[in-house]
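With the hints as constraints, model all of the structure from the sequences given.
The listed protein sequences correspond, in order, to chains A and B. Counting from 0, one number per residue, gives the positions in the first sequence under numbering that gives the first Met the number 0. Counting from 0, one number per residue, gives the positions in the second sequence under numbering that gives the first Met the number 0.
If you are wondering where the hints come from, they were derived from the structure by calculation, not from laboratory data. What you are looking at is a predicted structure, and each value in this text was computed from that prediction instead of being measured.
List of simulated lysine to any residue pairs, SDA-like, C-alpha gap at most 20 Å:
1. Lys367(B) / Ile326(B)
2. Lys24(A) / Asn568(B)
3. Lys81(B) / Phe569(B)
4. Lys529(B) / Gly306(A)
5. Lys122(A) / Thr159(A)
6. Lys148(A) / Leu267(B)
7. Lys165(A) / Asp265(B)
8. Lys198(A) / Phe188(A)
9. Lys24(A) / Asn209(B)
10. Lys24(A) / Asn590(B)
11. Lys148(A) / Asn305(B)
12. Lys81(B) / Asn55(A)
13. Lys162(A) / Ile201(A)
14. Lys24(A) / Gly585(B)
15. Lys119(A) / Thr45(A)
16. Lys227(A) / Pro251(A)
17. Lys122(A) / Asn209(B)
18. Lys540(B) / Ser30(A)
19. Lys226(A) / Thr293(A)
20. Lys24(A) / Asp615(B)
21. Lys642(B) / His164(B)
22. Lys148(A) / Asp306(B)
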Amino acid sequence: MNRITPLSQALVLGVLIFVISSCSKDPIRPSIGPVDPPPGDSSSYTTGFFIVNEGNFNWGNASVTYVDNETGTPYQHIFQQANNRPLGDVAQSMKVMNNRGYIVVNASNRVEVVDLTDFKIIKSIDGFNSPRYIEFVDSTKAYVTNLYKDISVVDLRTLTITKTIKTPEWTEGMVKYNQYMFLTCIGTFSEPSSKRKAKLLILDTETDVIVDSIQTATEPVGIVIDKKLKLWVLCSGGWDGFSAPVLIRVNPDLRQVEKAFSFPGTDIPSRLNINPTGDTIYYLQNGIFQMPVTAAQLPSQPLISSGGHLFYGLAIHPIDGTIYASDAIDYVQDGIAFQFSSSNGILIHTWETGRIPGSFCFSETRNRKSIN
Amino acid sequence: MTGNGKHLRRSVLLLLVISGYATASGQYVSDTLKLREVEVKASFPVNNMGFKRVRLDSTILIPRLDANLSTILAQYSTIFIKSYGNNNLATPSFRGTSAHHTIIEWNGITLNSPMLGQIDLSQLPVAQFQGVEILYGASGLSRTSGAFGGVINLKTNPDWNNFLHVSLSQTIASFNNYTTTLNAEVGNKNFQSHTRANFGTAKNNFPFYNDYSGQTEKLINGSYSQYGFSQDIFAKIKDRHLISARFWYNYSNREIPPLNTNIRPDHLEYQTNKSLRSLAEYTYIHRSLFVKISSSLINDYLHYINDSINAEHQYYSFTNRIRLDIIGIKRLTVKPGLDLSHDWVNSDAYNNQKQRNVLAGFIELIYKVTPAVTLSGLARAEVVDGKLMPFIPAIGVEYKPFSKINLSLSANLSRNYRYPSLNDLYWETWGNPELLPELSYGAEGGITWNWLNNSKRFFLEAELTGYYLLIQDMIVWSPSSASSAIWIPENISEVASRGIEAGINSTFAYWKSNLDLNVTYNFCKATYQKEINPNGSSFGKQLIYTPVHTLNASIRLERNRFYFSYLFNFTGRRYLGKENTEYMPGYNLSNIFLGKSFQLKDFNLSLQIEINNLFDLDYQSIAYRPMPGRNFGITIRGSFSRKSSQ
Chain A
0 MNRITPLSQA LVLGVLIFVI SSCSKDPIRP SIGPVDPPPG DSSSYTTGFF IVNEGNFNWG
60 NASVTYVDNE TGTPYQHIFQ QANNRPLGDV AQSMKVMNNR GYIVVNASNR VEVVDLTDFK
120 IIKSIDGFNS PRYIEFVDST KAYVTNLYKD ISVVDLRTLT ITKTIKTPEW TEGMVKYNQY
180 MFLTCIGTFS EPSSKRKAKL LILDTETDVI VDSIQTATEP VGIVIDKKLK LWVLCSGGWD
240 GFSAPVLIRV NPDLRQVEKA FSFPGTDIPS RLNINPTGDT IYYLQNGIFQ MPVTAAQLPS
300 QPLISSGGHL FYGLAIHPID GTIYASDAID YVQDGIAFQF SSSNGILIHT WETGRIPGSF
360 CFSETRNRKS IN
Chain B
0 MTGNGKHLRR SVLLLLVISG YATASGQYVS DTLKLREVEV KASFPVNNMG FKRVRLDSTI
60 LIPRLDANLS TILAQYSTIF IKSYGNNNLA TPSFRGTSAH HTIIEWNGIT LNSPMLGQID
120 LSQLPVAQFQ GVEILYGASG LSRTSGAFGG VINLKTNPDW NNFLHVSLSQ TIASFNNYTT
180 TLNAEVGNKN FQSHTRANFG TAKNNFPFYN DYSGQTEKLI NGSYSQYGFS QDIFAKIKDR
240 HLISARFWYN YSNREIPPLN TNIRPDHLEY QTNKSLRSLA EYTYIHRSLF VKISSSLIND
300 YLHYINDSIN AEHQYYSFTN RIRLDIIGIK RLTVKPGLDL SHDWVNSDAY NNQKQRNVLA
360 GFIELIYKVT PAVTLSGLAR AEVVDGKLMP FIPAIGVEYK PFSKINLSLS ANLSRNYRYP
420 SLNDLYWETW GNPELLPELS YGAEGGITWN WLNNSKRFFL EAELTGYYLL IQDMIVWSPS
480 SASSAIWIPE NISEVASRGI EAGINSTFAY WKSNLDLNVT YNFCKATYQK EINPNGSSFG
540 KQLIYTPVHT LNASIRLERN RFYFSYLFNF TGRRYLGKEN TEYMPGYNLS NIFLGKSFQL
600 KDFNLSLQIE INNLFDLDYQ SIAYRPMPGR NFGITIRGSF SRKSSQ
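Below, the structure written as structure tokens:
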């Protein structure tokens, strides 16, 4: 005991700890863990579909999953792998046009524009106010809806916000009809459902001016256009169940609500979609519901019952009309995506996704001439 | 206690009571050993009645007067602290449990918010307490229910020999961080007054590399100011009656920095906290009877503001306790107690005022079977808002096989429950009044040993504990089937945590130097035992943000009033999702302290330099929340002390 002085002991331990410490100089950052490398340059991202994983709000863990149609293999975290940085916080939606992908990252206030050959960033567009969705007016212009303040006008050639259209309220879904963009407007974000004034805004795409509005039921979250050029608007009734949810049909020429279907039950409907032929609409209400646009009433039974799933996202393939849905499980682990037959609701495929798969984006798009 | 007769037992008890340790097992003092050159207090008490307790005393706290409880626990305990950054939200994960399974107490009074069920450790400045007592697992049942992980008690106690002790410290640290603390203790053998004040501000605008933007940035919206004031009064009448009154006001206003991926110059998010805590106690000490009556009132206010939320929450907690220790019924000690508490909350998140009434009856029995074997039993029954809660018992055994070797083996079995927080029950739209209490079952076994060599210059203690904890009906918030926007709390999860805690402390006093070496290691495998959703893949996987391995080590060398400490911390990998694919890599952090003190009669002046994150590790503890690189602090502290007996 006497030979070993405290000083020498301290020295030995100090050196030991120094050695241990000096080993780990790599920055400590979230690791995506073992994932397959993306398909890369050899095969581009033009023959499959994307699953946009929102990620948890304020966790910064949004991601994009790509599924190749040929192989059916899901590739996780393709944005991070291609660009060596995270996608951001809450990826809300994605659209493609002219071999470019536009990913709307809500809480990061950004739209990432990527090249679909390698998924590398062409430009990160900043300056949004909690962006939700992007809709193309033509090959040169797009609108982006926001939770706050305004609607952003994006020039697709320079990839910049060229104009903002002031609206104090939360704008969400968009559908173009003739020269007009119809936008759902939910009301002031910070207010409770009881105070929000919900409506459709009609925006003239030539002048970027809001020319008219149509009052709707509470919280219009989705809008589609059918083959007879009627608009369908899904009003959830409020996230807090403030009022009964309603599906309304709007005549875009007369700018009037023609029909309203009230939903039974307490489950809140969401994710309004329409098939490529424009004759059948789909939505989630616990299960997946299918309804011909000519129906006199809402379907009483789902086409696909939830069967233990908590369906979160829903999309219809723009060409073959099959049904894509996602399950975010308990939101604290990676989710699952499914493909179902639209004729009988039978499960065709299952894929693993990233965290909270919220929306789908298909490489192949079909612009129905009738709408434009 | 190798006591021989009632006289010793009584005087030890008196000492305990007066030093304020009495509400615990009442056995601490015998673990205090005087060294010729240094006083050593065993951190791992050998007499623990089968229930593990650890304490962190003022020698650890005084050099860290500018810090808060989260820093202390992260560096000196096996509790994992989930920290969102310097002076930002910090919550404990104790033995793999959630933040609301650790109860933080101030002199035995719960500080956890009845709304959240937890408390932010960054809001508890070290300058406002003198010691920390950590009660592991079932040991916390002697205080309260629901502390599945354990109880952390912040203590302030009088020193009856004090005449005057005044200290003033000023810390200046990186990122415009200024902390001032004042402590004034004055009194005599029968009366003591403590006044403490702390004031701190920081810009906290440290530089960090942001992967998202691809550049080095300065943290925005991270500034804070915090101040606190407390006054304690202690009075003693004929060594029989002890009366104390304490109050503590704490104010903080802090900005909350954005996530690395969400930085906007106009980021708006901040929070104001104000709390006023008061506690009055009366203690009666007799040969075989000890009575303690306490009453406390806490008022806590929180105001949170961001782009879309402007919410105020205010609660009051009124707690009344009676504790009796009846000693010497042959070899039996009986400690019954009664708690009565009333909480009321006014919150923007609730429809109207919410209240909670708790009546708790409690009994602890300690039976010395032989001098070597002590059995103890604890039982607690509670009625919450008129509903009888699950009965929660615990039994412990302690065995000291040798009379000359300070070795103790202990084990315990327990059941515990946690009542849902008021947010769980009443949060507008989302709360679930139908919730049941969470239940836990625990088993634990440990060994503690300490040794002082013949020359009393070398002290060594070691501790090894293994535990198993099963939590059933655990409350988890998850999206309802009605809507993904509506998250409701339900009793749907089950978690098992098993682990090993090991610690070694040693003190050497040779060559006119003192050397302390401390190492604690924690292994914690905490797993999901039930799938909330049948399609999940979390079964058997490690809980998110819960490291399996953590290790703390420290060296402190002192010679000629010069001291040097090196603190080392290893935090293992933490998973970011229940399926355990994405993770935060493990990391090592090192801090050093260098100080020199000068003594002139009763006056002491010390100067200290600290370097945190010595190797300038670029790290994140929580994903996309930056942490500062190497940073510095300098503290000057002056104190004046005079004992009344002098």
